[in-house]
Amino acid sequence: MTSTPSRAIHERLPRLSPVWLIPLAALLIGLWLVFDHLSGQGPMITLKLENAEGIEANKTPIKTRSVQVGTVETVTLSEDLRHTIVTARMQDGADRMLNKDTRFWVVKPRIGREGISGLGTVLSGAYIELLPGDSDKKAREFVVEEQPPVTEAGARGLYLTLHSEPGNSVTTGDPVTFRNLTVGRVVDTEFIAEDRSIEHRIFIEQPYDVLVTDTTRFWSVSGVGFQLDSQGFRVNLQSLETLLGGGIAFGVPDDTMPAGKPATEGAEYTLYADQEAARRGLFDQYLEYALLVEDTVRGLSRGAPVEYRGVRVGTVEQVPWKFTGEQPDSLNRFSIPVLIRIEPQRITQGSEVLLDDWRERLEHMFDNGLRATLKSGNLLTGALFVDLNFRQDVADYEPTRFEGVEVFPTTANGLAQIENQVAGLLETLNNLPLQKIAEGLDRNLTASQKTLEQVTATADRLEALLGDPQTAQLPTRLNDTLRSLEGALDSLAGADGRQLSATLERLERVLRDAEPLLRTLREKPNALIFSREPPEDPLPRARDE
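All letters in the sequence shown, in the order written, are residues 1 to 545 by my numbering.
Some hints here could point you the wrong way.
When the alpha-carbon atoms are kept at most 16 Å apart in a straight line, the in silico EDC-like pairs for lysine to aspartate or glutamate are as follows [to be verified]:
hint, residue 1, residue 2
1, K322, E360
2, K48, E79
3, K108, E53
4, K100, E152
5, K137, D80
6, K108, E146
7, K48, D80
8, K322, D387
9, K375, D393
10, K48, E73
11, K48, D101
12, K375, E294
13, K108, E73
14, K261, E307
15, K108, D195
16, K100, E56
17, K100, D134
18, K63, E145
19, K137, D95
20, K375, E288
21, K48, E141
22, K63, D92
Think of the hints as simulated: they come from the structure by calculation, not from any bench.
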């Protein structure tokens, strides 16, 4: 039996099961979560530190203005083992803070000149502080600073550079003051090995930056400054902040100087040791002279004033100066050279100075007797200064040079002259025969003692005589005698007086008549016995031609 083939029936395969939608949805959700996580993360940055003290991976936060903006993820050592490398993940939106001038530092407890900071990290632990920059260039690698920055990024003001010699106590963060008002900070301090100097970078805040001009001077200050010189003892008190540490002050030290033009960004200045040195720095036009001093220079120091009748006209620059140099008339004396500066700007008050004209004026004054003398400026401290004045009876001025510098003529001071006079007096006293004088004085004292003893004995006898009762009756007897004498004189004033006068006249005539006889007896006493030979007749003599 033949069967008829049946027609094939085409059936549609079943479609994808809805069950597969669940893992597909999970995959999509996972991808979305991953994308959301990755897109929600901020950039990864690398920080370079000297050490990782207080830094922990996946724990130490990065903050700015107390708001967390990132977290430290790893802490490792550098390949050369000299530094610590920290990688940190920043939060979303922190990319705009990561510029080339962005600054990082570790916040932890610190004790400094400004007080105690970072006490909040004692319990919470250290964290990294971020100070955003304002540069247009982005960066992902930074160096963490050891100290907090002194100024904020974008602060308005004036940056200056100061140069000083080693030895000052100025460090980063010290205040910059103007009349004890803090107007800035020391940003950075660096030692320059090439010229062995120190370079300080400071920042002056607005609006105080206009106080800095081309005539401004900077000097180091401490809390208390003591100065002992020919003008006396002075104490300078600064702010409490500089009392604890130090700092820099600026201004125009001399009120007679002009204010000057405003300083420009990055201008360079000299940092002086003190205000007096800064004041001397104003007078940059000067004439140098050498003093060949024959007196002692004890008490004369660098910076001592050079005065003309009480007006300061210069400064002592160095004592002694080139002590071993060959001196004029070195066979007769060995003077102490002193280098001084005559500063005409102190007199002209900042006006233009022609040094050649001033040199000619001084040479003319030398011819008229201008001389330099060391004088005591303070009897308590013994400090000396150089006094300029015109002297009388001085030697003529002869131009002389010492080590290439013109010599300023000098004279001995009054004290030295007194010392010379005292020395001469002592030498005269030393040459006196003091031994013989002492022996003569001893003999005189012995004789005087004997005389005194005799006077004492005479006084005793006189006292005994005056104490005798008979001596007490002498005034009465003397009075009676005077009365008797007075009566006799009264009688002589009468007739008896006339008779006495006639008798005296007759006696005078007798004596006159007897005068030849007396002359003969004086020449020949035996003339009464033998006759006297008549004298020979005188012989005539010719008259002398």
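Hint check:
1. Of the pairs offered as hints, the one joining K322 and E360 is violated, with about 26 Å between alpha carbons and a cut-off of 16 Å exceeded.
2. Between K48 and E79 the alpha-carbon distance is near 12 Å, which keeps this suggested pair within the 16 Å criterion.
3. Restraint check for K108 and E53: satisfied, since their Cα atoms lie roughly 10 Å apart, inside the 16 Å limit.
4. Between K100 and E152 the CA atoms are separated by roughly 14 Å; this keeps the pair inside 16 Å, and the hint holds.
5. Annotation: proposed proximity of K137 to D80 is violated, straight-line Cα distance about 29 Å (limit 16 Å).
6. Proposed proximity of K108 and E146 is supported: the alpha carbons are some 11 Å apart, at most 16 Å.
7. Using a Cα cut-off of 16 Å, the hinted pair K48 and D80 holds, with the two alpha carbons roughly 13 Å apart.
8. A threshold of 16 Å between alpha carbons decides the hint, and for K322 with D387 the separation of about 22 Å lies outside it, so the pair is violated.
9. Pair hint K375 plus D393 does not hold up; C-alpha atoms about 19 Å apart against a cutoff of 16 Å.
10. Among the hinted pairs, K48 with E73 is consistent with the structure: their alpha-carbon atoms are about 14 Å apart, no more than 16 Å.
11. Distance check on the hinted pair: K48 and D101 sit about 15 Å apart at the alpha-carbon level, within 16 Å; holds.
12. At roughly 13 Å between alpha-carbon atoms, K375 and E294 fall within 16 Å of each other, so this suggested pair holds.
13. Only pairs whose Cα atoms come within 16 Å are accepted, and K108 paired with E73 is rejected, the gap being roughly 19 Å.
14. A threshold of 16 Å between alpha carbons decides the hint, and for K261 with E307 the separation of about 31 Å lies outside it, so the pair is violated.
15. For the suggested pair K108 and D195, the alpha carbons sit about 37 Å apart, so the restraint of at most 16 Å is broken.
16. Restraint check for K100 and E56: not satisfied, since their Cα atoms lie roughly 25 Å apart, outside the 16 Å limit.
17. A distance of roughly 8 Å separates the Cα atoms of K100 and D134; the hinted pair therefore holds under the 16 Å criterion.
18. Only pairs whose Cα atoms come within 16 Å are accepted, and K63 paired with E145 is accepted, the gap being roughly 15 Å.
19. With a C-alpha separation of about 11 Å, the suggested pair K137 and D95 falls inside the 16 Å cut-off, and the hint holds.
20. Of the pairs offered as hints, the one joining K375 and E288 is violated, with about 20 Å between alpha carbons and a cut-off of 16 Å exceeded.
21. A distance of roughly 8 Å separates the Cα atoms of K48 and E141; the hinted pair therefore holds under the 16 Å criterion.
22. At roughly 14 Å between alpha-carbon atoms, K63 and D92 fall within 16 Å of each other, so this suggested pair holds.
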